[in-house]
Amino acid sequence: MTRISLPAAAPLVALVALLAACDGGDPAPVEYGANPQLPEQEHGLLPSMKIAEPASWGDRRPSVPEGYEVTAIATDLGIPRQTLVLPNGDILVAEGRGGGAPALRPKDIIAGVIKAKGTTSVKSGNRLTLLRDADGDGAYELRTVFADNLNAPYGLALIGDQLYVANQDALVRFPYREGQTQAEGPPAKVTDLPAYINHHWTKALTASADGRFLYVGIGSNSNITERGMPAELDRAMVWQIDAQTGAHRPYATGLRNPTALAVQPGTGTLWAVVNERDELGPNLVPDYLTSVREGAFYGWPYSYWGQNVDPRVQPQDPQKVASAVVPDYSLGSHVAALGVAFSSPAMGERFADGVFVGEHGSWNRSVPSGYKVIFVPFRDGAPAGPPVEVVTGFMGEDGKTYGRPVGVTVDPRGALIVADDLSNTIWRVAAPDQTPTAEAPAQPDAIQPNGAQSNGDRAPASPAN
Amino acid sequence: MAVTYDHRVDRYDHRPATAIHPVHAVLLAATVPLFLGGLIADIAYSMTYQIQWTNFASWLIAGGMVFTGFALLWAFIDLFRAGRRRARAVACFALLIVTFALGLVNSFVHARDAWGAMPEGLVLSAVVSVTALVATWLGFSSLRMGGVS
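Residue numbers (the working numbering), protein chains in the order written: chain A, -5 to 459; chain B, 1315 to 1463.
It should be emphasised that the hints constitute simulated quantities derived from the structure, not laboratory data. Heads up, the beta-carbon is just placed ideally off N, CA and C, and yes, glycines get one too. Don't take every hint at face value.
[Claimed, not checked] Computed far set for chain A versus chain B, every beta-carbon distance over 10 Å: (1) 23; (2) 27; (3) 28; (4) 95; (5) 130; (6) 143; (7) 164; (8) 182; (9) 219; (10) 302; (11) 306; (12) 316; (13) 375; (14) 394.
[Said to hold, decoys possible] Not everything, but these chain A residues come out facing chain B in the computed CB check (under 7 Å): (15) 39; (16) 54; (17) 97; (18) 98; (19) 101; (20) 220; (21) 308; (22) 309; (23) 312.
[Claimed, not checked] The following label-pair restraints were derived from C-beta to C-beta distances: (24) B:1437 / A:374: 51 to 59 Å; (25) A:97 / B:1447: 28 to 36 Å; (26) A:40 / B:1437: 16 to 24 Å; (27) A:301 / B:1361: 41 to 49 Å; (28) B:1361 / A:243: 30 to 38 Å; (29) B:1361 / A:379: 27 to 35 Å; (30) A:107 / B:1391: 25 to 33 Å.
One chain only, chain A, in its complex shape (with noise of 0.2 Å):
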C-alpha cells in the first residue's frame, strides 16, 4: 500500500497530518481524587498513542523513597501478574497471559501489532512460582513452582487451608499446607468463570474478611461495546462466589475492567481498581480507585464517572446512565491501574494508612501516565489528599521503558512487592525497619541517593515479625 499510495502521498500526508493535529493536543495533567475535571470528548481519526519501547534494566533499578530499598527477588519470570504473601512469608507469583481474542477489523490487526510493541515477548508461563526467603535476610533464595499447567492464572487468594486461583476461565482451588513448596496435584474446579473472547481476560481475585465469599473482578469484552452487547453477558462486573458451593452472582457491575480487587482492614469493604474506556482523548476517561457497593451500577457501557453518557453506544439506556454511582477517586485517565493493595503500619510511617496501586502505563497517550507505584493515602477509611509516587523510573528520562507495574502486594513484615510483566521480575520494596534497634547506629554518611545503600542500612524482615 505506501507504493501504490506515493504518487498521492504529498496531499495525503497533509490531510492526515492537519485531522491527526486536531486529536488530543497538548494532554493536561493528570486528574487526580474524588471531583476530576472531565474535559470535552474527543473523536479524533487517529487515537494519540506512544507505545513503551522496552529495554533491559542493565544496572538500573525502580527509584523508590528515602530510606527505602528495592531488590529484584525473582527474574527471568513468564510474565508475572500478581502475587500472594502466604502466611509463612513465602511470596506465590501468578504468571501468565491470556486473552487472544480475534481481530474483527483491519484496525484490530495493525493496533495488536503495534501494541505488541509495548510488551514482553516471552512466553506465557500458565503456572505459579513459589519464593521463599528462610533466613528473612529479604533475599529469596528458594525458588520453586508450586503449579503447572494452569490457564492464565491471574488472581490468588487465601482461605484457611485452600489456595484460590483465578484462571482465565475458571476459578480453581488447591489444598494448602503451610510451608509446602509444591502443590499435591491438580486443582480442582470450583466454578466456570466467564471466558468467550475474553478481550479483558484477567480474572481478580480476593476473598471476603471472614472468608465466606470470594470476588472476581470480569472485565468488559470490549473498548466499548464494538465486540456487540450479546458479548457483554456476565462481563464489567464483581462476581461475588460462595467459597463452599461455588455459587456466584453479580455482585457490582458496570465496571469496565476491575484488574484488582482487595478487602479493606477493619471495615471489610471490598474495593478495586478500574480501567476505563479508551479513545475519547488523552484526559478521558479516569481510570479510578473506588469501594466497591453491592448491587452498584458503576456506568460501563452506557456512561462513565456517573452520567457522563458515552455516544458511542447505541442504543442508549437512560434509566441504566440515571442509576450509575459516581467512583470514590480518580486515578488519571489511561494510567492502567492492575494492582492495589492496602498498607500496614509496617511499611512505615508516611505509608500506613491508604493503598498502593501499581499503574501498567498507558498506549492511548501522546504524553504517558502511569509507568509507578502510587500510594494514595486513607483518613477515616477513605481517600484523602493527593496521590504519592513510591517506586518510580519504569520509564526512563530517554523515553525507554524498563518495566511496568502489575500488581502489588504489601508483606505485613514490612515490604510492597511488585510484579513487573514487562522485564519478568519481582521487585520488593523493603520499608525502614520499624524496630529500633540497639545495635543499631545512626550512619549519616551510608544514606546515598537513589535508594542504593549499605548493607548496614538493609531494612531485614526481622524474623521474629
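Dock chain B against the given chain A, drawing on the hints supplied.
Relative to chain A, chain B alone:
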C-alpha cells in the same frame, strides 16, 4: 460518449485503437461494489445497531482502498500515455485521488469503536461511493473500446 474525432484539432491520432486494459478495468471496476457494499453495510448498521454491519463496512472499505490504490497508480502512468485524451485521463486520476483521500479518512473513521464511526462514516461512504463510480465511468469511457480514432 466516445468522441472518436477531435474537431478542434486538425489532425488524426494515427495510433491503433486500444481497448481498456483488462487489469486496469478490473482495478477500476472493483472499487464500485466494494465502496457501495460499505455504504450499504453502514446503512444497515445505522438502522439496526447490529455491530457486525460496521465490521463488514470496515473490511469492504479496506478492500476498496486496495483497488483504488492500484487503479490510482495505473491512472498516474496513463497520464503520460494519454495523448490527446489527456483531459479525461487527468479527470479520472483526480477523482481517484479524491476517492483515495476520502477513503483513507473513511477507513480511520470506521476504525473508531462502535457508534463512534457514525454518522461521519455513513456520509463519507456515500461520497466515496459516488466518486469511485464517476472515476470508473470516466476511466472506461476515456479508453475506447475499439473503433477508429
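Hints, verified against the model:
{"no.": "1", "hint": "23", "verdict": "holds, 26 Å"}
{"no.": "2", "hint": "27", "verdict": "holds, 28 Å"}
{"no.": "3", "hint": "28", "verdict": "holds, 28 Å"}
{"no.": "4", "hint": "95", "verdict": "holds, 13 Å"}
{"no.": "5", "hint": "130", "verdict": "holds, 50 Å"}
{"no.": "6", "hint": "143", "verdict": "holds, 35 Å"}
{"no.": "7", "hint": "164", "verdict": "holds, 28 Å"}
{"no.": "8", "hint": "182", "verdict": "holds, 38 Å"}
{"no.": "9", "hint": "219", "verdict": "violated, 5 Å"}
{"no.": "10", "hint": "302", "verdict": "holds, 15 Å"}
{"no.": "11", "hint": "306", "verdict": "violated, 4 Å"}
{"no.": "12", "hint": "316", "verdict": "holds, 20 Å"}
{"no.": "13", "hint": "375", "verdict": "holds, 37 Å"}
{"no.": "14", "hint": "394", "verdict": "holds, 28 Å"}
{"no.": "15", "hint": "39", "verdict": "holds, 4 Å"}
{"no.": "16", "hint": "54", "verdict": "violated, 37 Å"}
{"no.": "17", "hint": "97", "verdict": "violated, 10 Å"}
{"no.": "18", "hint": "98", "verdict": "holds, 5 Å"}
{"no.": "19", "hint": "101", "verdict": "holds, 4 Å"}
{"no.": "20", "hint": "220", "verdict": "holds, 4 Å"}
{"no.": "21", "hint": "308", "verdict": "holds, 4 Å"}
{"no.": "22", "hint": "309", "verdict": "holds, 6 Å"}
{"no.": "23", "hint": "312", "verdict": "violated, 16 Å"}
{"no.": "24", "hint": "B:1437 / A:374: 51 to 59 Å", "verdict": "holds, 54 Å"}
{"no.": "25", "hint": "A:97 / B:1447: 28 to 36 Å", "verdict": "holds, 30 Å"}
{"no.": "26", "hint": "A:40 / B:1437: 16 to 24 Å", "verdict": "holds, 19 Å"}
{"no.": "27", "hint": "A:301 / B:1361: 41 to 49 Å", "verdict": "violated, 28 Å"}
{"no.": "28", "hint": "B:1361 / A:243: 30 to 38 Å", "verdict": "holds, 36 Å"}
{"no.": "29", "hint": "B:1361 / A:379: 27 to 35 Å", "verdict": "violated, 51 Å"}
{"no.": "30", "hint": "A:107 / B:1391: 25 to 33 Å", "verdict": "holds, 32 Å"}
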